[in-house]
Amino acid sequence: MIRIVFTILAGVLLGGVVHLVSVLALPRIASQDAYSRLTPMTKLNEVTALPLADPGNSPMPLMDPAFAMAICRYDLSSGPIKLTVPVSQAYTSVSFYTRNEVAYYAINDRSAGKKVIELDLMTEAQHNELPEDEEITAADRLIIDSPTTTGLILLKALAAEPGLMPQAQASLAASTCKLQTEPVAAKQEAPPQPAPAPPPPARKR
Amino acid sequence: MRLILTTLLALVIAAAVGLGLTYATATRGTDLGTLKIGAWTARPKNGTSDVDPYSRATIARSGELPIGTGDGIAFSAVTDDKNKPLDGRCDIVVSGVTPAARFWTLTLFDRKGHLVANSLQRYGFTSQEIIRASDGTFEIHIASRSRAGNWLPTGGIERYALMLRLYDTPVGVATRTQRDAPMPVVTTVGCP
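One line per chain: the protein sequences are A and B, in this order.
For what it's worth, our numbering labels the leading residue of the first sequence as -2, then goes sequentially.
For what it's worth, our numbering labels the leading residue of the second sequence as 1067, then goes sequentially.
No lab work stands behind these hints, which were simulated from the structure alone.
Quantities reported herein were computed from a predicted structural model and do not represent experimental measurements.
Errors might be hidden in some of the hints.
Computed footprint of chain A on chain B, listed as stretches where at least three residues anywhere in the stretch have a Cβ under 8 Å from a Cβ of chain A [as the list claims (entries may be wrong)]: (1) 1127 to 1133; (2) 1227 to 1239.
Below, simulated BS3-like cross-link-like pairs (lysine-lysine); rule was C-alpha separation at most 30 Å, straight line [to be verified]: (3) B:Lys1148 to B:Lys1102; (4) B:Lys1111 to A:Lys79; (5) B:Lys1178 to A:Lys40; (6) B:Lys1102 to B:Lys1178; (7) A:Lys112 to A:Lys40; (8) A:Lys111 to A:Lys175; (9) B:Lys1111 to A:Lys111; (10) B:Lys1148 to B:Lys1111; (11) A:Lys175 to A:Lys112.
C-beta atoms are modelled at their ideal positions from N, C-alpha and C, and glycine is treated no differently.
Excised from the complex, chain B in its bound form:
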């Protein structure tokens, strides 16, 4: 009787630990093979055949199609440069320069990967649409109320993610540091 009980207990612990770990890694992802520059994170190997099993599980679970390496690379940010989570009620500025690429797009998603509805039907910017300063740098204001210049509406949602996708770019598996890929700065300017 006691043997059965202990075996059962061991099996229950095994199932809880194993499936719990799998759920956590498949939902949040792991740090395996990530490229972190400032607030931005990319997984360059997700676009290749040697994608790691954890990323494969994450991709299968979310239902996305990862961007292929010959196409480009996707950087995402869920916090600003000071590690404060991006809040749709705050004023956030993405500024500076981007790594060399033929085109890039910056898109705002909710934490489930859906676009956020707004009256302007503006969900992001492409590198061609942006208004730049004379030295080529840009400033994108992400806020719930309208701002002058490049304004990306948040719809007032609490948490969101930014995705910067570079197309036809040398940035990829070989990229290691900020020097190879100068990413824009993400700052929280003010919160109501």
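With the rest of the complex left out, here is chain A:
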């Protein structure tokens, strides 16, 4: 009798451990999470417009039907990403998610304070590699550190009335999300060039 009680008790205790491990593992092993759902319908490091939410097929559950949405699925392993999103008439926001759907950063048009939301997304290692002076000259440039190398950027534009949906979609269609390897290299080369260039003419005169 005691043996059975002991067995059940051990089972329940072990069950607690199983529960904790499975809860922590679930985000990693889920096959129907947002990232997996969006992978076949989105391009890597490019903005892809999502179809409007409708009863028949919406890419994700609980999507707000009042918004035009687009996704940039990113992979930072070959360099940082530059994101530009023109602000629509009503409300525009950009949200960043890790590979496991943790919303680590979100910004809206008003907190961006400009007509265009411009962001640089990089991993922490890439951020640390940035030359310091460049960071100062680009003080108005917003740099976001991504906790994971891959993830999702969700761009949303509100259509306050159904009739405004085409405008919201158009403003998202004008947004870009691309690898930044070339512009960074150009900026690093640019400063040394003007400096040596002026002296020769000065000496000649």
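Based on the hints, put chain B in the right spot on chain A.
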């Protein structure tokens, strides 16, 4: 022989208890870090990096993208203020005021998070579309048959959920009570 049997029994109990608990919490969610105001429930931390493991499991399982804190907050209701489940065959009125926000949207979903088909193709309201009384309050009628004013069709489904999303709002992790966030009242007016 007996030792093997008892060990097996313990392992079976462990698997059943552990996975059962995980399934239950990942499907229904937990009360960890929830903000409850009237019939409305929100999980403000879901939009931040310190989201709890149970919510992460729920999000991964459902396949949604939670709304980020810098963007807004989502309140959901599956019952009225008297704890009666929302029934698509009944007349339900959502009335009053909403917390300060630049925009809000109210959307009707089935319990799996899908929109409900209807001939009007109306799945919700935005704060700009709504017809208000002169004092700024509003009344949204949620029913299967058409109603005057702001009518949100249910398609006659039995159980549904309402989601009120506030965009660009001070409501968030620091919000505790009705006074910080005056949420609209949800009442069942009548059932056929």
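Hint check:
no., hint, in the structure
1, 1127 to 1133, "holds (count 7)"
2, 1227 to 1239, "holds (count 4)"
3, B:Lys1148 to B:Lys1102, "holds (14 Å)"
4, B:Lys1111 to A:Lys79, "holds (27 Å)"
5, B:Lys1178 to A:Lys40, "holds (27 Å)"
6, B:Lys1102 to B:Lys1178, "holds (21 Å)"
7, A:Lys112 to A:Lys40, "holds (26 Å)"
8, A:Lys111 to A:Lys175, "holds (20 Å)"
9, B:Lys1111 to A:Lys111, "holds (28 Å)"
10, B:Lys1148 to B:Lys1111, "holds (26 Å)"
11, A:Lys175 to A:Lys112, "holds (19 Å)"
Figure legend: structure checked against the earlier numbered hints; every hint is met.
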